[in-house]
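These protein sequence lines map, in sequence, to chains V and A.
Under our numbering, residues 148 to 266 are what the first sequence spells out, in order.
Under our numbering, residues 96 to 355 are what the second sequence spells out, in order.
No wet-lab data here; the hints were simulated from the structure.
The reader is advised that the hints may include incorrect statements.
Below 20 Å or equal to it, Euclidean Cα-Cα: the simulated DMTMM-like pairs (lysine to aspartate or glutamate) are [claimed, not checked]:
no., chain 1, residue 1, chain 2, residue 2
1, A, Lys132, V, Asp243
2, A, Lys353, V, Asp243
3, V, Lys155, A, Asp330
4, V, Lys166, V, Asp231
5, A, Lys346, A, Glu154
6, A, Lys353, A, Asp135
7, A, Lys346, A, Glu139
8, A, Lys113, V, Glu252
9, A, Lys113, A, Asp330
10, A, Lys353, V, Asp246
11, A, Lys346, V, Asp231
12, A, Lys113, A, Glu139
13, V, Lys155, V, Glu252
14, A, Lys353, A, Glu139
15, A, Lys346, A, Glu142
16, A, Lys113, V, Asp203
17, A, Lys346, A, Glu166
18, A, Lys132, V, Glu244
19, A, Lys113, V, Asp243
20, A, Lys353, V, Asp231
21, V, Lys155, V, Asp203
22, A, Lys353, A, Glu324
23, A, Lys113, A, Glu142
24, A, Lys113, V, Asp246
25, A, Lys113, V, Asp231
26, A, Lys346, A, Asp331
27, A, Lys353, A, Glu142
28, V, Lys166, V, Asp228
29, V, Lys155, A, Asp331
30, A, Lys353, A, Asp330
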Amino acid sequence: MATFPNLKTNAVAQYPATKVLRFQNQALRFLDGTEQRYRDAAGPLHRWQISLSQLDEGETAALDAFFAANQGAFGSFAFTDPWDGTVYANCSLASDELDVTSVAEMSGTTSLTVMENRG
Amino acid sequence: MLVYPQLGTGAMSQFPVKKQRHLRTVVNAAADGSWIKLADAPGEYTEWSLQYAQLSDAELATLQQFFTAAEGTLNAFTFLDPISNLLAWTDHLDNAVWVPGPLLTVAGGIADPLGGTNAWHLSNTGGGAQNISQTISAPAGYLYCLSAYVRSAQASTATMLLGAQRASQAVTTGWTRIVFAASGDPTRASISFGLELPAGGALDVYGVQAEPQAAASVYKASTTGGVYENARLRDDLLTITSTDVNRHSCKVNVYYAKHL
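Can you make the complete structure from the sequences, with help from the hints?
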């Protein structure tokens with residue numbers, strides 16, 4: 148199983164980092180205004196938005212290589228939650244696109260969204 | 096084949112450089128939040144957005160000549176990725192893209208200067224010089240910078256090979272980065288990069304990198320290399336702004352699709 152690459156500092160993300168926890172519930176609303184709610188999925192799914200800046204060329208190349216090897220949103224990999232260190236074994240990238248901008252020497256920027264898969 | 100031009104400094108581009116890689120995945124989303132996915136590998140394409148400023152008249156003329164020769168989006172050309180290592184499989188010197196001399200042994204798993212184990216041990220058991228090299232389909236007349244981290248048990252020398260050009264470099268017992276920048280034979284459409292060891296020589300090597308510029312940047316491990324044949328311009332128009340005498344700016348978008 149592939150693993151999301153760390154930066155040279157061993158960090159996975161930089162500030163500001165965003166984490167989203169998502170449940171999937173359904174609600175049926177009746178004519179009398181009452182509701183019945185139920186779970187439509189087994190549990191929550193996580194999503195991490197990782198914005199990276201001040202990357203050196205080696206770090207951007209490693210992320211680009213990971214993106215290509217993972218075939219964009221197709222492949223799955225293990226991701227360590229930078230908030231609590233929990234390893235989520237089945238995650239994917241949310242997008243088939245990766246933008247890498249080299250602003251100056253040793254100053255690359257990119258952003259990725261990692262999402263946890265069901266199952 | 097037409098080749099995207101270098102600037103007068105030998106650089107392929109200026110900062111900022113934007114590279115976008117687009118892949119295609121067919122996704123069937125189920126109601127419970129699970130997915131069925133299919134990778135569509137031929138749908139991959141890559142775009143570079145190159146912004147130029149402070150170009151001289153000569154540099155602008157070179158870009159204009161190239162744009163005219165390419166006829167906008169019509170004709171394909173070879174593009175050297177300015178933010179990639181041009182060499183492929185740089186952490187795998189046992190890959191078939193590398194051609195070692197018959198008496199050169201190549202062993203992996205050596206500790207590298209960045210804390211990994213991606214360095215290689217080269218040992219020349221022959222009575223003459225032996226080299227390991229990789230050839231890429233890029234114009235030999237361009238300015239290239241070849242770099243590598245090397246060390247050896249005893250102080251010795253290694254020769255860096257860049258086309259027909261050679262440079263002898265000292266190798267110490269600690270990791271040092273050796274660098275060689277030169278141009279090759281302008282009549283050739285391919286160029287080889289390599290490292291030569293003298294008879295009986297042995298050294299550890301890591302991070303072999305070739306770049307289309309005058310100096311080395313941070314090492315970028317590579318599997319695919321950075322030469323894109325059959326790239327195209329994305330636009331049929333080239334807008335040039337002259338900001339002063341002998342000072343011009345413009346923006347060029349380059350497009351490479353696997354399926355083209």
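Quick rundown of the hints versus the structure:
About 12 Å separates the Cα atoms of Lys132/A and Asp243/V, which keeps this hinted pair within 20 Å; it holds. For the hint linking Lys353/A to Asp243/V, the alpha-carbon distance of about 15 Å falls within 20 Å, and the restraint holds. For a cut-off of 20 Å, the pair hint linking Lys155/V to Asp330/A is broken: about 37 Å separates their Cα positions. Taking the CA atoms of Lys166/V and Asp231/V, the gap is about 11 Å. The hint holds against a cut of 20 Å.
With a C-alpha separation of about 13 Å, the suggested pairing of Lys346/A with Glu154/A holds against the 20 Å cut-off. Proximity of Lys353/A to Asp135/A is assessed by CA-CA distance (about 11 Å); at most 20 Å being required, the pair is judged to hold. Our distance criterion of 20 Å between C-alpha atoms is broken by Lys346/A and Glu139/A, whose separation comes to about 23 Å. With a C-alpha separation of about 13 Å, the suggested pairing of Lys113/A with Glu252/V holds against the 20 Å cut-off.
The suggested pairing of Lys113/A with Asp330/A holds, with an alpha-carbon distance near 16 Å, which does not exceed 20 Å. About 18 Å separates the Cα atoms of Lys353/A and Asp246/V, which keeps this hinted pair within 20 Å; it holds. A C-alpha spacing of about 44 Å is found between Lys346/A and Asp231/V, which places the hinted pair above 20 Å, so the restraint is violated. Of the pairs offered as hints, the one joining Lys113/A and Glu139/A holds, with about 17 Å between alpha carbons and a cut-off of 20 Å not exceeded.
Pair hint Lys155/V plus Glu252/V holds up; C-alpha atoms about 16 Å apart against a cutoff of 20 Å. A threshold of 20 Å between alpha carbons decides the hint, and for Lys353/A with Glu139/A the separation of about 6 Å falls inside it, so the pair holds. At most 20 Å may separate the alpha-carbon atoms for a hinted pair to count; Lys346/A and Glu142/A meet this at roughly 13 Å. Only pairs whose Cα atoms come within 20 Å are accepted, and Lys113/A paired with Asp203/V is accepted, the gap being roughly 14 Å.
In summary, the hint linking Lys346/A to Glu166/A is supported, as the alpha carbons are separated by about 16 Å, within the 20 Å threshold. Only pairs whose Cα atoms come within 20 Å are accepted, and Lys132/A paired with Glu244/V is accepted, the gap being roughly 16 Å. As the CA atoms of Lys113/A and Asp243/V are separated by approximately 16 Å, the hinted pair is consistent with the 20 Å bound. Taking the CA atoms of Lys353/A and Asp231/V, the gap is about 40 Å. The hint is violated against a cut of 20 Å.
About 9 Å separates the Cα atoms of Lys155/V and Asp203/V, which keeps this hinted pair within 20 Å; it holds. For the proposed pair Lys353/A and Glu324/A, the alpha carbon gap of about 10 Å is at most 20 Å, so the pair holds. At most 20 Å may separate the alpha-carbon atoms for a hinted pair to count; Lys113/A and Glu142/A meet this at roughly 8 Å. Of the supplied pair hints, the one linking Lys113/A and Asp246/V holds, its CA atoms being roughly 7 Å apart against a limit of 20 Å.
Distance restraint check for Lys113/A and Asp231/V: the Cα-Cα separation of roughly 33 Å exceeds the 20 Å cut-off, and the hinted pair is therefore not satisfied. Among the hinted pairs, Lys346/A with Asp331/A is consistent with the structure: their alpha-carbon atoms are about 12 Å apart, no more than 20 Å. For a cut-off of 20 Å, the pair hint linking Lys353/A to Glu142/A stands: about 12 Å separates their Cα positions. Proposed proximity of Lys166/V and Asp228/V is supported: the alpha carbons are some 9 Å apart, at most 20 Å.
The suggested pairing of Lys155/V with Asp331/A is violated, with an alpha-carbon distance near 41 Å, which exceeds 20 Å. Taken as a hint, the Lys353/A and Asp330/A pair is honoured in the structure, with Cα atoms around 18 Å apart against an allowance of 20 Å.
Comparing the model with each numbered hint stated earlier shows that hints 3, 7, 11, 20, 25, 29 do not hold.
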